[in-house]
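The lines below spell out each chain.
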Amino acid sequence: MSEQTPDTPSSAPLDDVPASPVEAPAVAPAATSSTPAAPTPPSAPTGGAAASQRQRASQLAQALRQELQKAVIGQAAVIDDVLTALIAGGHVLVEGVPGLGKTLLIRALARCFGGEFARIQFTPDLMPSDITGHAVYDLQSEQFKLRKGPVFTHLLLADEINRAPAKTQAALLEAMQERQVTLEGRALAVPQPFLVLATQNPIEQEGTYPLPEAELDRFMLKLRMDYPQAQEELALVRQVTRSAKADMLEVAPLRTLLQAKDVLALQRIASDLPLDEQVLDYAVRLARATRTWPGLALGAGPRASIALVRGGRARALLRGGDFVVPDDVKGCALAVLRHRVRLSPELDIEGLSVDQVLQQLLDQVPAPRL
Amino acid sequence: MRLTDAAVAIRPRNAWEAMDLGVLLARRHAGLLTASWALMTLPVFVLLSLLLWQQPGWAMFCFWLLKPAFDRLPLHILSRSLFGDTPRLRDALRALPGLLKPQLLASLTWRRLSLTRSFDLPVLQLEGLAGKARSQRLTVLGFGESRPASLLTVIGAHVEWALWAGLTALLFLLLPQQVKTDMDWQKLLDLAADENRWLWVEHLSNALYALLLIVWEPVYVACGFTLYLNRRTRLEAWDIELVFRRLRQRLTGVAYLLVLGGCLLLAPLPRPALADDAHSCPIPAEALQPTSKRLTHQALTSDAAHQAIEGLLGEPPFSNTQTVTRWRFGNEEEAEEAGDPAAINGFFEALRKLMLLGKHLEGLAVALKVLLWATLIGLLALLLWRYREWWFAFARRLGRPWPARTASEPPTLMFGLDVAPESLPDDVAAEVERLWPSHPREALGLLYRALLSRLLHRFQLPLKSAHTEGEVLALQRGLDDAELDAFARLLTGHWQNLAYGHRSPPDALRAQLCEGWRALERRGDTA
Numbered sequence: 009m010s011e012q013t014p015d016t017p018s019s020a021p022l023d024d025v026p027a028s029p030v031e032a033p034a035v036a037p038a039a040t041s042s043t044p045a046a047p048t049p050p051s052a053p054t055g056g057a058a059a060s061q062r063q064r065a066s067q068l069a070q071a072l073r074q075e076l077q078k079a080v081i082g083q084a085a086v087i088d089d090v091l092t093a094l095i096a097g098g099h100v101l102v103e104g105v106p107g108l109g110k111t112l113l114i115r116a117l118a119r120c121f122g123g124e125f126a127r128i129q130f131t132p133d134l135m136p137s138d139i140t141g142h143a144v145y146d147l148q149s150e151q152f153k154l155r156k157g158p159v160f161t162h163l164l165l166a167d168e169i170n171r172a173p174a175k176t177q178a179a180l181l182e183a184m185q186e187r188q189v190t191l192e193g194r195a196l197a198v199p200q201p202f203l204v205l206a207t208q209n210p211i212e213q214e215g216t217y218p219l220p221e222a223e224l225d226r227f228m229l230k231l232r233m234d235y236p237q238a239q240e241e242l243a244l245v246r247q248v249t250r251s252a253k254a255d256m257l258e259v260a261p262l263r264t265l266l267q268a269k270d271v272l273a274l275q276r277i278a279s280d281l282p283l284d285e286q287v288l289d290y291a292v293r294l295a296r297a298t299r300t301w302p303g304l305a306l307g308a309g310p311r312a313s314i315a316l317v318r319g320g321r322a323r324a325l326l327r328g329g330d331f332v333v334p335d336d337v338k339g340c341a342l343a344v345l346r347h348r349v350r351l352s353p354e355l356d357i358e359g360l361s362v363d364q365v366l367q368q369l370l371d372q373v374p375a376p377r378l
Numbered sequence: 037m038r039l040t041d042a043a044v045a046i047r048p049r050n051a052w053e054a055m056d057l058g059v060l061l062a063r064r065h066a067g068l069l070t071a072s073w074a075l076m077t078l079p080v081f082v083l084l085s086l087l088l089w090q091q092p093g094w095a096m097f098c099f100w101l102l103k104p105a106f107d108r109l110p111l112h113i114l115s116r117s118l119f120g121d122t123p124r125l126r127d128a129l130r131a132l133p134g135l136l137k138p139q140l141l142a143s144l145t146w147r148r149l150s151l152t153r154s155f156d157l158p159v160l161q162l163e164g165l166a167g168k169a170r171s172q173r174l175t176v177l178g179f180g181e182s183r184p185a186s187l188l189t190v191i192g193a194h195v196e197w198a199l200w201a202g203l204t205a206l207l208f209l210l211l212p213q214q215v216k217t218d219m220d221w222q223k224l225l226d227l228a229a230d231e232n233r234w235l236w237v238e239h240l241s242n243a244l245y246a247l248l249l250i251v252w253e254p255v256y257v258a259c260g261f262t263l264y265l266n267r268r269t270r271l272e273a274w275d276i277e278l279v280f281r282r283l284r285q286r287l288t289g290v291a292y293l294l295v296l297g298g299c300l301l302l303a304p305l306p307r308p309a310l311a312d313d314a315h316s317c318p319i320p321a322e323a324l325q326p327t328s329k330r331l332t333h334q335a336l337t338s339d340a341a342h343q344a345i346e347g348l349l350g351e352p353p354f355s356n357t358q359t360v361t362r363w364r365f366g367n368e369e370e371a372e373e374a375g376d377p378a379a380i381n382g383f384f385e386a387l388r389k390l391m392l393l394g395k396h397l398e399g400l401a402v403a404l405k406v407l408l409w410a411t412l413i414g415l416l417a418l419l420l421w422r423y424r425e426w427w428f429a430f431a432r433r434l435g436r437p438w439p440a441r442t443a444s445e446p447p448t449l450m451f452g453l454d455v456a457p458e459s460l461p462d463d464v465a466a467e468v469e470r471l472w473p474s475h476p477r478e479a480l481g482l483l484y485r486a487l488l489s490r491l492l493h494r495f496q497l498p499l500k501s502a503h504t505e506g507e508v509l510a511l512q513r514g515l516d517d518a519e520l521d522a523f524a525r526l527l528t529g530h531w532q533n534l535a536y537g538h539r540s541p542p543d544a545l546r547a548q549l550c551e552g553w554r555a556l557e558r559r560g561d562t563a
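Those protein sequences? They're chains A and B, same order as listed. Under the numbering used here, the first residue of the first sequence is numbered 9, with each subsequent residue one higher. Under the numbering used here, the first residue of the second sequence is numbered 37, with each subsequent residue one higher.
Hints listed in this document are in silico derivations from the structure and should not be mistaken for laboratory results. The beta-carbon is built from N, C-alpha and C at its ideal position, and this holds for glycine as well. A few of these clues could be false.
Partner residues are not named here, just some residues of chain B that face chain A (Cβ under 10 Å, in silico) [claimed, not checked]:
hint	residue
1	GLY180
2	ARG183
3	TRP426
4	ALA429
5	GLN496
6	SER501
7	HIS503
8	THR504
9	ASN533
10	ALA535
Computed cross-link-like contacts, SDA-like style, restricted to lysine to any residue with a CA-CA straight-line distance of at most 25 Å [unchecked claim]:
hint	chain 1	residue 1	chain 2	residue 2
11	B	LYS500	B	ASP517
12	B	LYS500	A	GLU168
13	B	LYS500	A	ARG296
14	B	LYS500	A	PRO132
15	B	LYS500	A	GLU124
Quick partial rundown of chain B residues pointing at chain A, CB under 8 Å, derived from the structure [claimed, not checked]:
hint	residue
16	SER117
17	LYS500
18	GLU505
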């Protein structure tokens, strides 16, 4: 990445950006900056402001990505996906064996993000009111007072979410979908932006409660963290062992790059990105294909189509593009679909994974062209 | 030959027991046998080795060939000692030339490989038979004993090898460690194959063979000899003869007394009077019947008693009548009838008619033949077709230029675009230039289509309709073609701008793209 990181992004909120187009190198679609003959996208005829806003937004997103990559080494794809969810305003479920940096990634994100951050360590005896909050009797005022739970925050890290029983997991349902929590009969809105980042461990089954379908469907992306490459692991070990704090991973040196309203602006800019009908059609076709696909017992619902389009927009912004191309949709399709489908028992017995079947599906559904 | 003088207990034995007796016999005369054998063979061996020093193998072979001749001396000693007349060493050696004379050539040549060699030798040597008489005698003797005799020879060969290997190994074990370090079997074998090999090693191994024969060969001859004795014991009932002889020996003294006593006993018998002859006629049957009234008029007459006895005999304890019921095949009688000549004739008549019919059916047979051949050819063709991939692969491995199979038939319709080369205009660039001012989207679409078509057909990229533009770009990057890469990037970027971003390309681009395409086409044509 050779893009210039804005020095003080938080000092120049995106909402009131002046109409002075920043002469930053435009990023070619689906290409890195090393491209010699990258075409300069012709500037939109209407409003240089929108274009410059978009450019600033994508620069901010890329700066954030760079910052995260400093903390979490060797998980570039997962970082991209988490940023996609952040920009698209969706929740993320991160799955991976212990020790791959799931929690570290989210802590790093919280560190770069100036808003509120709360963390819930899910345990088997956690109660729904521990998440949403409850009314307590105030002796002095002789009244019940509402005490808000940790869910009232911008970034919520739900660590090891499958360790809590279903009733506690269900406490998140309303907050995740409707961005509100009903306490004592009153609907209280959670602050915007609201992003739930949950982690879970796929191997351990003892003492865990698998997430119900409804809960899973509310997560926009389910990410799989895999082991890092050899080179990246070398770098990781080198960096971590240099720290004085044993194997505690440092996120302190990260800079705070954006505030809550910047995130909202990013989300707004992303949702304004132009989307061709063909690309929309492609996203819907992908989601619909899962419902009739022979290897899948249960297909994805309309939420998947929505998530595909939002994810495509977010990735386009992250990539620095001015519009959504099919690659953006296809890039996030696996993360969007993998937790919304269920493998048919025959393929399950044969030992195929959901990812393999979905990859076959992506290889078969024709991409849009004209 | 006096059987009573035999040094062994003569009785019929089985073959293996007889061989065991042979081993025992050889052991009893071991000193004489081994000494005579050594005195006879070792000089011959030394002589052969000296004569054929350069060819140890041939020396060995000659020595081996001479074995039947050597065998005659142990047999001579054994046959003499069997009846207690054990010869002294000097006598035995003196008798050797006489022993060697009969049928020496036959023994050393065509009878050399006979497996029953040790068994046949006594017939030749002790019975002195030759020619037809010998073979007849051997046939009689060999009936039933030739198999153990053959096995004896086979076992003997194995014993020789085992002893030889054992002696060799023993010698090797006796080598000092210092010598052994630079000596291994592989090296020895190489030396044996070498031109200037160690001759003495081979002569040493020959000598080992000659030494072990001193122990083994007399045993072998003795075993064959006892087999022969056993056979004759059975055939000629020597054991019974021996029993009779012993009986006679024991009874010779008392026999005269017995004869005398017998005569005395028989002498005083009174001679019958002449008048007695008149009464010698048989007594008539009637005379035996009771005639007196008292006897014939009793309550139980002889007839009545006879009948009563008959009746008793007919009753259960004496006569048992049983009724047995079982199933029989119903056509058993018919089967017997089939044996009659008329039926047989009828059968052959039917057979003849069938054959005549067969001649008429020749056409059918030809048709059947054609059908079968067609099936076979069809099956072969099916087989070839079924494994055609394998054949192609095979042919390719043979290095024959095989037409590159257009794998998986490149799709003609991709992403809703017709990418078959035929569907494109001849001069793409000119067509693009023509379309550009009025229909920029069509112009760019045509160019992109042409690029895809080129990637598919000329560069044989495995593109699928599921590939997005970005993936196509990534795939063509694998071709490692800088010029193509630059052009494809430029075109794809602008095509995406137009198709998904709805931004028309700048006019300046037209010349650049068309020029790029022409360059690409020129390069492709010259390549």
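Looking back at the hints listed earlier, which ones does the structure fail to meet? 1, 2, 3, 4, 5, 12, 14, 15 and 16
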